[in-house]
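S.K.: Here is how the chains run, residue by residue.
Protein chains: 2
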Amino acid sequence: MMTTLIALDWGTSMLRACRLGKDGSVLEKRTLPYGVTKLPSSAANREEAFLQVYTEACGDWLRETPACPVIACGMIGSAQGWRQAPYIEAPCDIRQLAQQLTRVETGHGQYFSIVSGVWKDGDLPEVMRGEETQIAGALQHDERLRSTMARQGKALIALPGTHAKWVEVAQNRIAHIQTFMTGDLYDALAHHTILATTIRPSGQPDWEAFAQGVAVAQRYQESVGLLGTLFSVRSRLLCKHITAQQQADYLSGLVLGSELLAVLSRLTPEPDQEIPITFIGSEALCQRYIRALTYLECPYPVHISDGATERGLWYIAHLAGLLD
Amino acid sequence: MMTTLIALDWGTSMLRACRLGKDGSVLEKRTLPYGVTKLPSSAANREEAFLQVYTEACGDWLRETPACPVIACGMIGSAQGWRQAPYIEAPCDIRQLAQQLTRVETGHGQYFSIVSGVWKDGDLPEVMRGEETQIAGALQHDERLRSTMARQGKALIALPGTHAKWVEVAQNRIAHIQTFMTGDLYDALAHHTILATTIRPSGQPDWEAFAQGVAVAQRYQESVGLLGTLFSVRSRLLCKHITAQQQADYLSGLVLGSELLAVLSRLTPEPDQEIPITFIGSEALCQRYIRALTYLECPYPVHISDGATERGLWYIAHLAGLLD
Numbered sequence: 001m002m003t004t005l006i007a008l009d010w011g012t013s014m015l016r017a018c019r020l021g022k023d024g025s026v027l028e029k030r031t032l033p034y035g036v037t038k039l040p041s042s043a044a045n046r047e048e049a050f051l052q053v054y055t056e057a058c059g060d061w062l063r064e065t066p067a068c069p070v071i072a073c074g075m076i077g078s079a080q081g082w083r084q085a086p087y088i089e090a091p092c093d094i095r096q097l098a099q100q101l102t103r104v105e106t107g108h109g110q111y112f113s114i115v116s117g118v119w120k121d122g123d124l125p126e127v128m129r130g131e132e133t134q135i136a137g138a139l140q141h142d143e144r145l146r147s148t149m150a151r152q153g154k155a156l157i158a159l160p161g162t163h164a165k166w167v168e169v170a171q172n173r174i175a176h177i178q179t180f181m182t183g184d185l186y187d188a189l190a191h192h193t194i195l196a197t198t199i200r201p202s203g204q205p206d207w208e209a210f211a212q213g214v215a216v217a218q219r220y221q222e223s224v225g226l227l228g229t230l231f232s233v234r235s236r237l238l239c240k241h242i243t244a245q246q247q248a249d250y251l252s253g254l255v256l257g258s259e260l261l262a263v264l265s266r267l268t269p270e271p272d273q274e275i276p277i278t279f280i281g282s283e284a285l286c287q288r289y290i291r292a293l294t295y296l297e298c299p300y301p302v303h304i305s306d307g308a309t310e311r312g313l314w315y316i317a318h319l320a321g322l323l324d
Numbered sequence: 001m002m003t004t005l006i007a008l009d010w011g012t013s014m015l016r017a018c019r020l021g022k023d024g025s026v027l028e029k030r031t032l033p034y035g036v037t038k039l040p041s042s043a044a045n046r047e048e049a050f051l052q053v054y055t056e057a058c059g060d061w062l063r064e065t066p067a068c069p070v071i072a073c074g075m076i077g078s079a080q081g082w083r084q085a086p087y088i089e090a091p092c093d094i095r096q097l098a099q100q101l102t103r104v105e106t107g108h109g110q111y112f113s114i115v116s117g118v119w120k121d122g123d124l125p126e127v128m129r130g131e132e133t134q135i136a137g138a139l140q141h142d143e144r145l146r147s148t149m150a151r152q153g154k155a156l157i158a159l160p161g162t163h164a165k166w167v168e169v170a171q172n173r174i175a176h177i178q179t180f181m182t183g184d185l186y187d188a189l190a191h192h193t194i195l196a197t198t199i200r201p202s203g204q205p206d207w208e209a210f211a212q213g214v215a216v217a218q219r220y221q222e223s224v225g226l227l228g229t230l231f232s233v234r235s236r237l238l239c240k241h242i243t244a245q246q247q248a249d250y251l252s253g254l255v256l257g258s259e260l261l262a263v264l265s266r267l268t269p270e271p272d273q274e275i276p277i278t279f280i281g282s283e284a285l286c287q288r289y290i291r292a293l294t295y296l297e298c299p300y301p302v303h304i305s306d307g308a309t310e311r312g313l314w315y316i317a318h319l320a321g322l323l324d
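As they're listed, the protein sequences go chains A and B. Mind the numbering: the first sequence is residues 1 to 324 in our numbering, read in order. Mind the numbering: the second sequence is residues 1 to 324 in our numbering, read in order.
Keep in mind the hints are simulated off the structure, nothing from the lab. Note that this is a predicted model, so its numbers are computed, not measured. Note that CB positions come from ideal geometry on N, CA and C, so glycine has one too. It is possible that some hints are incorrect.
[What the hints assert, rightly or not] Now the stretches of chain A that chain B is said to cover, found in silico as 3 or more residues with beta-carbon under 8 Å:
no.: 1; segment: 119–127
no.: 2; segment: 177–183
no.: 3; segment: 188–196
no.: 4; segment: 236–250
[Unchecked claim] A short list of chain B residues far from chain A (calculated; beta carbon distances all over 10 Å):
no.: 5; residue: 23
no.: 6; residue: 25
no.: 7; residue: 33
no.: 8; residue: 45
no.: 9; residue: 60
no.: 10; residue: 88
no.: 11; residue: 95
no.: 12; residue: 102
no.: 13; residue: 109
no.: 14; residue: 290
[Stated by the list, open to error] In silico contact screen, one side only, chain A against chain B (beta carbon under 7 Å); selected entries:
no.: 15; residue: 226
no.: 16; residue: 230
no.: 17; residue: 231
no.: 18; residue: 259
Please build the complete structure, drawing on both the sequences and the hints.
M.R.: See below:
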């Protein structure tokens, strides 16, 4: 099938490219290890490096259909990216994303468009690049999320990862954003603190250890908090309550548990109202979060939405008239 | 003056040696960069490496006064140390520390003694090596702490550092221990997460940024908690609320603030009772904690106790009959 849109999810460590057919279906996917902080060093300069990766990602597709529009989201639009795409200030309507694309010339009269990030000022300012596109995609294409929006006009979207984000959408507006540095913190703790001396990667997840971590996070949330429970990853090993192979999942339970407890404590539904949670992200990580929510007896329905990025890019390209 | 006792504070990264005169006064001090995880690699094996460092630390002192007793505390008694010294289980009387020293032969009929660590089992098990000796020293020699103990029979001791410990002593017993991985976490965050990309060391502490961090920790303690405020170290920079030079002290305020808020929330003094806090540790770090306590309007008197380690080693050596 002919390529109608080339969609690039160009993040910090990876570039995911796909070409979409005329109904928005994915025809082909590629993943390149060239995120904006991982450009190949063979190029003469940064501009050349970006162009080289771009050509590797979709040059052949563009030769086949030279007039095909290309749209990108993610860190490619950051100060460390190819071209800085301005932020749109939240609360903002999802449709605003299509009104402010940043164009990058790629030579021979061709160009591609970068979707703006979203920011929110305040005491704890928030910024996102890429997640706004995933949210747009889920709002447009995820049936369960659409039915929640139709029923109660608002929903909660979870995007776990290095910097996990929880986003409240209301009437198709990005209303509230809260970032937890959960993945980044977990990696730093597991590899660059005293815990690194003993933690052993577990081949299979140890759900018993994970459950213990979540339970401890809950039990001590209001007294010593996360900072006061971290040392137990080590001391439980020294006291032989857990093994070195269990430390990773116990620690994971502590940090994910802390994040989820903070989120749940913020949710105050109207009487008779549910707060369905839509997860967007890696399947295994989303399942891990959902498992922790079960341990915490979260009363709300949860589900995982997939294909959100390419659907979001498709939707924004459509709104922006790129597909006409 | 003749050496009466050689006291070694042999930790993870450093060895601090001093020789004490007959009244326990410090005659000479040395610091060697050979903690138990930093032994010189020139030795044939670990045993040799320990002996080599030991000789460098106090070999000349022992040649002058060969019968002089040597006592050590800290990680030298851990599984990674020279000889494993068993833990004493808390709650325990400070005097028990003198009843169970671990002897290490150093050749030619000579030996030195390692003070046991203290542990406490439970949901959040606790272990310490070195701090028990500092507590013993402060309880014995710190006038303000002694007067608190005489007046109300209990006190709170803070030992900030890589793994900050807060210890409640009651009737000369180590009653409760709580570890916060504050220093370790701070270093991992500052050097091994997204924050590392921009944080610049500030020559002078930026107390304005530090105060902001403490205030944010307090404001969000009961909602998103520490995990939910960490990203603001980055986002406040992106939104130009702080500079790259301020990030380090803002982050320091967040993590120290979180620790102190957890500690303060646990304290429930009897009516008309104060809870004086005795700090033991590096002067600059203790002052930083005390500053944060002031921001948090901590109602209790605080002071810094110094010389706790050598005084503790002296006291334990005395109780154990090593000085007779």
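S.K.: Are the hints correct? Go through all of them and say.
M.R.: Against the structure, the hints come out as follows:
no., hint, result
1, 119–127, "holds (count 7)"
2, 177–183, "holds (count 5)"
3, 188–196, "holds (count 6)"
4, 236–250, "holds (count 4)"
5, 23, "holds (38 Å)"
6, 25, "holds (35 Å)"
7, 33, "holds (19 Å)"
8, 45, "holds (20 Å)"
9, 60, "holds (34 Å)"
10, 88, "holds (14 Å)"
11, 95, "holds (24 Å)"
12, 102, "holds (17 Å)"
13, 109, "holds (34 Å)"
14, 290, "holds (19 Å)"
15, 226, "holds (6 Å)"
16, 230, "holds (4 Å)"
17, 231, "holds (4 Å)"
18, 259, "holds (6 Å)"
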